[in-house]
Amino acid sequence: RKEVEQDPGPFNVPEGATVAFNCTYSNSASQSFFWYRQDCRKEPKLLMSVYSSGNEDGRFTAQLNRASQYISLLIRDSKLSDSATYLCVVFDPNTGNQFYFGTGTSLTVIP
Amino acid sequence: GAGVSQSPRYKVAKRGQDVALRCDPISGHVSLFWYQQALGQGPEFLTYFQNEAQLDKSGLPSDRFFAERPEGSVSTLKIQRTQQEDSAVYLCASSLLLVGGQYFGPGTRLTVL
Numbered sequence: 001r002k003e004v005e006q007d008p009g010p011f012n013v014p015e016g017a018t019v020a021f022n023c024t025y026s027n028s029a030s031q032s033f034f035w036y037r038q039d040c041r042k043e044p045k046l047l048m049s050v051y052s053s054g055n056e057d058g059r060f061t062a063q064l065n066r067a068s069q070y071i072s073l074l075i076r077d078s079k080l081s082d083s084a085t086y087l088c089v090v091f092d093p094n095t096g097n098q099f100y101f102g103t104g105t106s107l108t109v110i111p
Numbered sequence: 001g002a003g004v005s006q007s008p009r010y011k012v013a014k015r016g017q018d019v020a021l022r023c024d025p026i027s028g029h030v031s032l033f034w035y036q037q038a039l040g041q042g043p044e045f046l047t048y049f050q051n052e053a054q055l056d057k058s059g060l061p062s063d064r065f066f067a068e069r070p071e072g073s074v075s076t077l078k079i080q081r082t083q084q085e086d087s088a089v090y091l092c093a094s095s096l097l098l099v100g101g102q103y104f105g106p107g108t109r110l111t112v113l
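Top line first, the protein sequences correspond to chains A and B.
For what it's worth, our numbering labels the leading residue of the first sequence as 1, then goes sequentially.
For what it's worth, our numbering labels the leading residue of the second sequence as 1, then goes sequentially.
Derived by calculation from the structure, the hints in this document are not laboratory data.
Remember, predicted model here, so these are calculated numbers, not experimental data.
We put the CB at the ideal spot given by N, CA and C, even for glycine.
It is possible that some hints are incorrect.
Once the Cα atoms are required to be at most 30 Å apart in a straight line, the calculated DSSO-like pairs of lysine-lysine come out as [unchecked claim]:
{"#": "1", "chain 1": "A", "residue 1": "K42", "chain 2": "B", "residue 2": "K11"}
{"#": "2", "chain 1": "B", "residue 1": "K14", "chain 2": "A", "residue 2": "K79"}
{"#": "3", "chain 1": "A", "residue 1": "K79", "chain 2": "B", "residue 2": "K57"}
{"#": "4", "chain 1": "A", "residue 1": "K2", "chain 2": "A", "residue 2": "K45"}
{"#": "5", "chain 1": "B", "residue 1": "K78", "chain 2": "A", "residue 2": "K79"}
{"#": "6", "chain 1": "B", "residue 1": "K11", "chain 2": "A", "residue 2": "K79"}
{"#": "7", "chain 1": "B", "residue 1": "K57", "chain 2": "A", "residue 2": "K42"}
{"#": "8", "chain 1": "A", "residue 1": "K42", "chain 2": "A", "residue 2": "K2"}
{"#": "9", "chain 1": "B", "residue 1": "K14", "chain 2": "B", "residue 2": "K57"}
{"#": "10", "chain 1": "B", "residue 1": "K78", "chain 2": "A", "residue 2": "K42"}
Examples of chain A residues lying across from chain B (beta carbon under 7 Å, computed) [as the list claims (entries may be wrong)]:
{"#": "11", "residue": "A29"}
{"#": "12", "residue": "S32"}
{"#": "13", "residue": "E43"}
{"#": "14", "residue": "P44"}
{"#": "15", "residue": "L46"}
{"#": "16", "residue": "G58"}
{"#": "17", "residue": "L87"}
{"#": "18", "residue": "N97"}
{"#": "19", "residue": "Q98"}
{"#": "20", "residue": "F101"}
{"#": "21", "residue": "T103"}
{"#": "22", "residue": "G104"}
Coverage of chain B stretches by chain A, computed from C-beta distances (three or more under 8 Å per stretch; other residues unrestricted) [what the hints assert, rightly or not]:
{"#": "23", "region": "37-44"}
{"#": "24", "region": "53-65"}
{"#": "25", "region": "98-111"}
Can you build the whole structure from these sequences, using the hints too?
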């Protein structure tokens with residue numbers, strides 16, 4: 001079983017829509033969580049960390065549910081520029097220094 | 001300021017050749033990671049350095065893979081006797097602390113023929 005699982009999508013949404021992605025992780029001892037975005041043939045870029053109480057950055061909201069072992073990313077008022085692959089990342093100190101990346105969820109925002 | 005840089009950006013190698021991939025992290029970043037990313041997959045952890053110490057190399061797929069960071073700054077990932085299955089994008093990332101957001105370089109796309 002993979003450490004981190006994501007629905008690969010693709011998600012195709014119209015401009016202005018709200019879209020949400022979920023990511024589940026297998027190890028309950030995981031401590032740190034992040035969302036990255038990766039544009040086609042580019043490197044991943046940190047979008048936001050995910051805090052226990054949930055956090056918001058503009059149109060983006062991240063939530064953590066430790067009991068169910070999932071994290072989510074909500075994008076409101078989608079823009080064309082939001083089209084990318086969104087990677088969920090989990091850090092589990094009990095397995096060394098590894099950050100586990102999901103396979104990514106593809107989002108295309110349609111005009 | 002300057003981000004993470006990697007060179008070469010593209011490398012084509014014949015099967016059996018040795019290759020060396022370079023990473024220049026952000027100045028002052030203690031932590032340095034190497035990842036391998038296959039098409040359609042997320043990055044897979046290879047190895048981690050804290051300054052010059054390689055603290056975790058559990059992700060290296062075989063003993064043909066070797067990484068070093070002798071002065072705690074620039075790092076090199078070396079792959080000996082390359083195989084076709086080594087074809088992937090090799091990403092380097094650095095961070096100020098272990099448990100923090102990582103900043104990625106543009107990657108080296110390795111193609112083994």
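These are the hints, each one checked on the structure:
1. A/K42 - B/K11: Satisfied, since the Cα-Cα distance of roughly 16 Å is no more than 30 Å.
2. B/K14 - A/K79: violated, 43 Å
3. A/K79 - B/K57: violated, 40 Å
4. A/K2 - A/K45: holds, 22 Å
5. B/K78 - A/K79: violated, 41 Å
6. B/K11 - A/K79: Given that 30 Å is the threshold and the Cα spacing comes to 35 Å, the pair is violated.
7. B/K57 - A/K42: Holds. B/K57 to A/K42 sits at ~25 Å (cutoff 30 Å).
8. A/K42 - A/K2: holds, 24 Å
9. B/K14 - B/K57: holds, 26 Å
10. B/K78 - A/K42: holds, 22 Å
11. A29: Violated, about 14 Å.
12. S32: Status holds, d = 5 Å.
13. E43: With a closest approach of 4 Å, the A/E43 hint holds.
14. P44: Holds: closest Cβ of chain B sits about 5 Å from A/P44, inside 7 Å.
15. L46: Holds. Min distance 4 Å.
16. G58: violated, 17 Å
17. L87: Holds: closest Cβ of chain B sits about 5 Å from A/L87, inside 7 Å.
18. N97: Check passed: Cβ of A/N97 comes within 4 Å of chain B, closer than 7 Å.
19. Q98: Interface hint status for A/Q98: holds (5 Å vs cutoff 7 Å).
20. F101: OK, holds: A/F101 within 7 Å of chain B, min 3 Å.
21. T103: holds, 5 Å
22. G104: holds, 6 Å
23. 37-44: holds (count 5)
24. 53-65: Holds: 4 residues of the region 53-65 of chain B have a Cβ under 8 Å from chain A.
25. 98-111: holds (count 9)
The structure fails hints 2, 3, 5, 6, 11 and 16 (numbered hints given earlier, in ascending order).
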